[in-house]
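For chain Y, the structure is supplied; the task is to place chain W on it using the hints.
Here is what each chain is made of, one letter per residue.
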Amino acid sequence: MTPLERNDRLIRIGLLMIALSAISILAIITVFIFEQGTPIMFKYGLKSFLLGRDWYPTEQSFGLLPMIVGSLMVTAGALIIGVPLGLASAIFLTEFSHRRLTRILKPVIELLAGIPSVVYGFIGLMFLVPFIRENFGGPGLSVLAASIILGIMILPTVISIAIDSIRAVPDSYREGSIALGATKWQTVRLVVLPAARSGIVAGIILGMGRAIGETMAVIMVAGNAANIPDSILAPVRTLTSNIALEMAYAGGEHREALFATGVILFIIIMILNTLANVTTARQRRK
Amino acid sequence: MSGTKNVIEVRDLNVYYGKFQALRSINLDIQANRITALIGPSGCGKSTFLRALNRMNDLIEGCRTEGQVLFEGKNIYDPETDLLELRRRVGMVFQRPNPFPLSVAENITYGLRVHGITDREYLEEKLYRSLQAVNLWDELKDRLYENALKLTGEQQQRLCIARLLAVEPEVVLMDEPCSALDPVATARIEDLMYELKKDYTIVIVTHNMQQAARVSDYTGYFLLGDLVEFGETHQIFTSPRDKRTEDYITGRFG
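These protein sequences, in sequence, are chains Y and W. For what it's worth, the numbering used here labels the leading residue of the first sequence as 15, then goes sequentially. For what it's worth, the numbering used here labels the leading residue of the second sequence as 27, then goes sequentially.
For reference, chain Y alone in the conformation it holds in the complex:
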């Protein structure tokens, strides 16, 4: 073995160790969350955790249903607001706008992803919450406010992945359609979007993951009452908010119940990521 070859070998081993340590940190976190969170779930029964409506952690009542429903509601709301806006923007930027305009606008949209979530939350609290309170009633701190803020926060993810998958559609499809006398919009709707569908869906799922995991902005505008909201104007508490709000003073079983909240969040996000991977893999195989 020449000295240079030995050098390559050392670098390879060094990089392998670094990569392994990154992966093992991830593994340790996972094991730790489950180790801390699952015993209490089995002690009081999975059913009382997943379906219990009462969260009084100091009185051994650990019903997480309001938070599970809350997370799903604000995430669904974020998608209802973010997906049409994001998809429309992506279609405009890829198919209808001038190339120069796209070159300016796409980085601007990606910049949106760089704004800290506390800033989104602050803007929501200062402008959106009073607006909802004055125009629609209720406390303003609500499912609606959280959905709108999250809908805006997932836009960069949805838009940039949709742009990439629409661009990946071969131009020959567009030409074939135009040459048959189809309009541009028909071409986009009937050929381009179906061809880009799995990429677009993967982007939506990643956006969904972002919405369900977001904490700070949601705490600031959602009101955080641990009840199942009876309208979109009612306050709501999500799984992430539940952990962040109570971790400072939780001890004993209360603390374990917060870890259990983390376990459920972890599982939901794992499912979403797997879905995203499966759909993108299917697109690549085509």
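Because the hints were derived from the structure by calculation, they are not lab data. Hints may be right or wrong, so weigh each one.
[As the list claims (entries may be wrong)] For lysine to aspartate or glutamate, the following DMTMM-like pairs were computed, each having C-alpha atoms within a straight-line distance of at most 20 Å:
| id | chain 1 | residue 1 | chain 2 | residue 2 |
| --- | --- | --- | --- | --- |
| 1 | Y | K198 | W | E106 |
| 2 | Y | K120 | W | D84 |
| 3 | Y | K120 | W | E106 |
| 4 | Y | K198 | Y | D185 |
| 5 | Y | K198 | W | D208 |
| 6 | Y | K120 | W | E111 |
| 7 | W | K45 | W | E106 |
| 8 | W | K176 | W | E151 |
Here is chain W on its own, set in the frame of chain Y:
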């Protein structure tokens, strides 16, 4: 061979890509129910010319067209031209088969649906007749709802031709339709072109001189944006008038 009417008359056609002039003052008539072949080396403007006939060049940024293309006597570069209708009547088959990533049936009915036809029975009738016209019906009648991307290259190209025939064009433009196919498939597509010319006017761009000699009635030779020579295929290949054409067809150039 003469005597049929001109479907397309090209008058002083100039096409520019930015500052580059791709076609220089082209004059050419295309006769009904004949196959007109355009030959020449790569990059000499034959595809550009073909795409000028149904205004597909409009899709290319920076492309500018001067002169007239008269289709049934009307200049298609008039501002009031209905582009959607023009492209329905002057259809195009591309170099690489480009079926949509939809089912075989959806591919065939696509053109009809975008032109607003929704009558189920009519669509089914068209599906049958278009596939029949390109000799695909027997092969594909049990696979109508499979994704068209699963077909072989030749089947895909036939499907693209069938998709075009479904909208009842008058002229079929073919841009090197066999360049992605093997020789056997090529021969079968050529047979198909021969059948189709009974009902359609065909213009084909090819870099394959044997193909032009085999299938076409008229041939035009393009070189560096000029139409060097145009005439009956037989005459072009046996007694070309221009020295440059002779060099090309005898293989001394290109």
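Hint-by-hint comparison with the structure:
Restraint check for K198(Y) and E106(W): the C-alpha separation of about 18 Å stays at or below 20 Å, so the hint holds. For a cut-off of 20 Å, the pair hint linking K120(Y) to D84(W) is broken: about 26 Å separates their Cα positions. With a CA separation close to 35 Å, the supplied pair K120(Y) and E106(W) exceeds the 20 Å bound. With a CA separation close to 13 Å, the supplied pair K198(Y) and D185(Y) stays within the 20 Å bound.
Note on K198(Y) and D208(W): the hinted pairing is violated, with a Cα-Cα distance of about 34 Å set against a maximum of 20 Å. About 35 Å separates the Cα atoms of K120(Y) and E111(W), which puts this hinted pair outside 20 Å; it is violated. Proposed proximity of K45(W) and E106(W) is contradicted: the alpha carbons are some 27 Å apart, above 20 Å. Of the supplied pair hints, the one linking K176(W) and E151(W) is violated, its CA atoms being roughly 24 Å apart against a limit of 20 Å.
Checked against the numbered hints given earlier, this structure breaks hints 2, 3, 5, 6, 7, 8; the rest are met.
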